[in-house]
Amino acid sequence: MSEITPDVVSHLANLARIALTEDEITKLTGELGQIVDSVAKVAEVATPDVPATSHPIPLGTVTRADVVGTTLTTEQALSGAPASELGQFKVASILGEEQ
Amino acid sequence: MSDPTDLTALSAATLAERLAAGEVSSVEVTQAHLDRIAAVDGDVHAFLHVNAAALDAARAVDAQRAAGTALSPLAGVPVAIKDVLCTLDMPSTAGSKILEGWVPPYDATVVARMRAAGLVPLGKTNMDEFAMGSSTEHSAYGNTHNPWDLTRIPGGSGGGSAAAVSAFEAPLALGSDTGGSIRQPAAVTGSVGMKPTYGGVSRYGAIALASSLDQVGPVTRSVLDAGLLHDVIGGHDARDSTSIPDAWPSFADAARAGLRGEGLRGLRVGVVKELSQEGQGFQPGVLQRFRESLSLLESQGAEIVEVSAPSFEYAIAAYYLILPAEASSNLAKFDSVRFGLRVEVPGGTVEDVMAASREQGFGDEVKRRIILGTYALSAGYYDAYYGSAQKVRTLIQRDFDAAFAVADVLATPSAPTTAFPLGSKIDDPLAMYLNDLTTIPANLAGVPGISIPAGLAPEDGLPVGIQFMAPVREDARLYTVGAALESLLEQQWGGPLLSKAPSLLAG
Chain A
0 MSEITPDVVS HLANLARIAL TEDEITKLTG ELGQIVDSVA KVAEVATPDV PATSHPIPLG
60 TVTRADVVGT TLTTEQALSG APASELGQFK VASILGEEQ
Chain B
0 MSDPTDLTAL SAATLAERLA AGEVSSVEVT QAHLDRIAAV DGDVHAFLHV NAAALDAARA
60 VDAQRAAGTA LSPLAGVPVA IKDVLCTLDM PSTAGSKILE GWVPPYDATV VARMRAAGLV
120 PLGKTNMDEF AMGSSTEHSA YGNTHNPWDL TRIPGGSGGG SAAAVSAFEA PLALGSDTGG
180 SIRQPAAVTG SVGMKPTYGG VSRYGAIALA SSLDQVGPVT RSVLDAGLLH DVIGGHDARD
240 STSIPDAWPS FADAARAGLR GEGLRGLRVG VVKELSQEGQ GFQPGVLQRF RESLSLLESQ
300 GAEIVEVSAP SFEYAIAAYY LILPAEASSN LAKFDSVRFG LRVEVPGGTV EDVMAASREQ
360 GFGDEVKRRI ILGTYALSAG YYDAYYGSAQ KVRTLIQRDF DAAFAVADVL ATPSAPTTAF
420 PLGSKIDDPL AMYLNDLTTI PANLAGVPGI SIPAGLAPED GLPVGIQFMA PVREDARLYT
480 VGAALESLLE QQWGGPLLSK APSLLAG
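Protein chains in written order, with numbering that gives the first Met the number 0: chain A, 0 to 98; chain B, 0 to 506.
Wrong hints could be hidden among the right ones.
Restricting the straight-line Cα-Cα distance to at most 30 angstroms, the calculated cross-link-like pairs of lysine-lysine (DSBU-like) are [claimed, not checked]:
(1) B:Lys332 - A:Lys26
(2) B:Lys96 - B:Lys332
(3) A:Lys40 - B:Lys366
(4) A:Lys89 - B:Lys366
(5) A:Lys26 - B:Lys96
(6) B:Lys424 - B:Lys499
(7) B:Lys272 - A:Lys40
Here are the simulated distance ranges between beta carbons [unchecked claim]:
(8) B:Glu291 - A:Thr4: 46 to 52 angstroms
(9) B:Asp400 - A:Ile93: 49 to 55 angstroms
(10) A:Leu85 - B:Ala19: 50 to 56 angstroms
(11) A:Glu43 - B:Ala8: 49 to 55 angstroms
(12) A:Ala51 - B:Val405: 23 to 29 angstroms
(13) B:Gln359 - A:His10: 19 to 25 angstroms
(14) B:Pro309 - A:Asn13: 38 to 44 angstroms
(15) A:Thr70 - B:Glu458: 52 to 58 angstroms
(16) B:Pro345 - A:Asn13: 17 to 23 angstroms
(17) B:Tyr105 - A:Leu14: 27 to 33 angstroms
(18) B:Leu429 - A:Glu74: 43 to 49 angstroms
(19) B:Gly300 - A:Leu58: 33 to 39 angstroms
(20) B:Pro457 - A:Pro5: 45 to 51 angstroms
(21) B:Val405 - A:Ser53: 24 to 30 angstroms
To list a few chain A residues with every Cβ distance to chain B over 10 angstroms, as calculated [claimed, not checked]:
(22) Pro5
(23) Asp6
(24) Glu21
(25) Thr25
(26) Asp65
(27) Val67
(28) Glu84
(29) Leu85
(30) Gly86
Just so you know, the hints here were simulated from the structure itself, not pulled from any lab data.
C-beta atoms are modelled at their ideal positions from N, C-alpha and C, and glycine is treated no differently.
Using the sequences provided together with the hints, build the complete structure.
Here it is as structure tokens:
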């Protein structure tokens, strides 16, 4: 059995920056427990002698000539931003009051 | 003047010929498809957005043709675009509320190549949110309905693209396939879906789900049409560092060879023992049509060989670790800063705003997979889960290598069942994940796979698909074999399978 508890889900949600509701945490705890139990079977065959594959088709490091390519203008880059000012993305304060 | 209502029934290849011959204009062809969308999309809901400038694009192609400009083969033919692909002039939401109304400042490479080739974008098609799903029920913008039976799922995640072509709303569409999102919808809608070799088609501008698995490809009603579209969108792109630099043959030519009956004599077709038998979750009618297709190939000189792929049993488990892990990382960019939804939190920090925006903007399945991926990547669990899943990936590649040592192509049913009723699996994530049983191994190994119609299941009269897979870089082989089988089956059926689909027009 997995060790998925509401505290674990709450911690993961915090890491993933999703403000889950209590109901969602309860529901996800059950669902994730089932899913994790089901996918844990990968360990049955993943013995130490098997190398890991991260990429389906090995390619060498891809480089290009060090020249300026086509880039977005500032206006284009900001076109989808919820808020911007003086040609920059605008966000809420980074630090809370207690910090 | 031709009857515009007939234009939507024609293949892209035929439309291209008639456009080139001047028998019909792109404006007429495009208008016919816009009319069809207006008539049936209220019921089907394949489209999230219809391109208001479609006729302008069509007029521009007509003007070029009139001026004697040399045009590419598909110039003037309309195409539908999965909403996961960035388009300069249309919203690109990936089926998510977090990107509602977002218009990207650039085109995906595949979209830019289609525009350059004179194809006419009809609009953006519905999909499971961020391509997470097998039924399109996880879209934030409502269900798409299967044109064969509007109470059933069109497959997913690319249910919109598959429904658009099978409802004759578009002759061509683009999809993306991370674990079967092109092939499984093709199977359940009686259409053709091709997942190219990983790296064969640029991913630049495709909103990433799982970067080591995602691949863009064609969704059509015939194998030749898929080859024609693949020829337009494929090939190396310097903007995608995983793009394969090799030159590719013409896939349309490969399909034409199949239509001439080439490619089957002496072809070794490997039937994967673990994905072709009773007791493995397959509906009886699916297995029946699959085996009939194999017999047909055998009657034309192909040799059927049984191959074993013991590690495929672990494919779904590995996939549901690798995909959430990569997705949790890729979806971190939806942070309410550069694009997408922002939920204001009075007095809150940027972190509070992010968390509130992601809570409101993401749907249940996306949250589920992000949390699962975060867990699989967390300290203490990484080796047991993500590390083990990557090892399974090696084992699956070895199974493919061994199989391709004795077979030229592998065959499986494209999906375990025909289209199931909307709502029937939505509350059971594990049951939903099993729909990708047959398609996931190709993504894990990077090999190409195609689904073509294999008939209607006797028990429910709904479409069944057969999947072929080939070694990496051997996409052309799939077009030849797929077109050859398609031609043989259509001789038996007396026409394309989709000619048996309901008209969808009230009356």
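Out of the numbered hints, which ones does the structure contradict?
none
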